[in-house]
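J.: These are the residues of each chain, in order.
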Amino acid sequence: MRTNSLILILVTLLSFSAGAQKFITKTGHIKFYSDGAVEKIEAHNRQVSSMLDAATGQFVFKVLLKSFEFEKALMQEHFNENYVESDKFPDSKFIGNVTNIKEINVAKDGSYDAQVDGMLTLHGVTNHVKTKGTFEVKQGKLVGKAKFTITLADYKITIPGAVVNSISKTVDISVDITLDKAN
Amino acid sequence: MKTWMKILLGLIVVGLIAGMLVFKFVYNKKHPDYESITPVFTLKTQDLYQAFKSNKAGSSTLYNGKCIAITGKLGKIESVDTLVTAVFVFNQGMFGDEGIRCTMIKKFNDTAKKLLPDGEVKIKGICMGFNDSDIIFDKCSIVNQ
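Chains as they are written, first to last, in my numbering: chain A, 1 to 183; chain B, 184 to 328.
Just so you know, the hints here were simulated from the structure itself, not pulled from any lab data.
Since the model is a prediction, treat every value here as computed from it, not as a measurement.
Watch out, some of these pointers could steer you wrong.
Stated by the list, open to error - Quick list of in silico lysine-lysine cross-link-like pairs, DSSO-like style, CA-CA up to 27 Å:
1) B:Lys236 / A:Lys93
2) B:Lys296 / A:Lys141
3) A:Lys181 / B:Lys259
Please construct the entire structure, taking both the sequences and the accompanying hints into account.
T.: Shown next as C-alpha cells:
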C-alpha cells in the first residue's frame, strides 16, 4: 500500500515535470513564398498551433490551409480550390523532432542551432522533411525560426497547364513561432 | 479610313477595355467586406464545438469557409502583436486550452480587448476549420456591442 502510494506520487511528480518542459503556441506564423516567372506569390498564416517538448524533442505544428492570407483574393481562391484543395484536405501538419534538443538549454537565454527532422503532411501526402533552424531562448519563451523548400509535385499538387510555365514548381516555407511554457 | 481598319481599331479598343475590366474585377478583385457578410448559420459555441468533435468530416463540409455567427460564454481574450483573438474554452489538450478561437478584424481589436471573460458574446466570422484542437474563426466582428 505504502509502495503504491510512493509510486503514484513519483508518477505524478514526473508527469508534472514533463508538462513543465512543454512549450506551446496557437499564434505561430508560417509564410510561403514562390518566385515564379510572371508573378511572386506570398501568403501568411498567423494561426499556427505548435508544441515543442523540450524533454524529448518532439515538435509538432498544425495549420489550417484556409487560414493562409494572400494579398490578392483571386490567388487565395486558386490556392484553396485548385492547388491544395482545402475543402478536401483542410489541414497540414508536421510531426517530428528537434534531434539535437539536448544542446538547447531552455533555462538559459541564448540562441541555439536546431536540427529538425520529421514528416510533413500536405494535400493528403506525407513526406520526410529535414531542415536546420534556430531557437532563441528569451525570458522563458522559445522563438523558433526555420526555412525549408518543398516541391509541389512531391505533394501531388498539380499546376494547371495554362500557368505551368509562369509559376514556380517549388515553394519556400518560413516558420516563425514564439512558444510559451505550457501551464 | 478603310472599313477593315475601322473594324480592327474597334476590336483593339474593345479588347483593351475587356482586358482592363478583367484586371480590375477578376485578377485584382478585392477581398470581401467580411464585416458586412450575412451569416449562413447562427449557433451556440458549445453546439458548434460538439459538432466538430463528434463529426469532423461532416462539420467541415457543412461549415468550413462559411460566415457563421456564434454565441457563448467568452473564455479569454488573447493579444499577440496586432492579432486579437477571442477564445471560447471547452477542453484541455496537447496545445493547452481547446475550443473556438476567433481572430478579430483589426477594426474590432479595441472593442474585443474590453470584453470580459465569462460574459456572453455574439461574434461572427469565417469558419476556417477544425485542427483537432480548436475551431478557427477568422475575420471576426462583434455583433452585440
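J.: None of the hints should be skipped; say for each whether it holds.
T.: Structure-based check of all given hints:
1. B:Lys236 / A:Lys93: OK: B:Lys236 and A:Lys93 at ~18 Å, within 27 Å.
2. B:Lys296 / A:Lys141: holds (23 Å)
3. A:Lys181 / B:Lys259: holds (18 Å)
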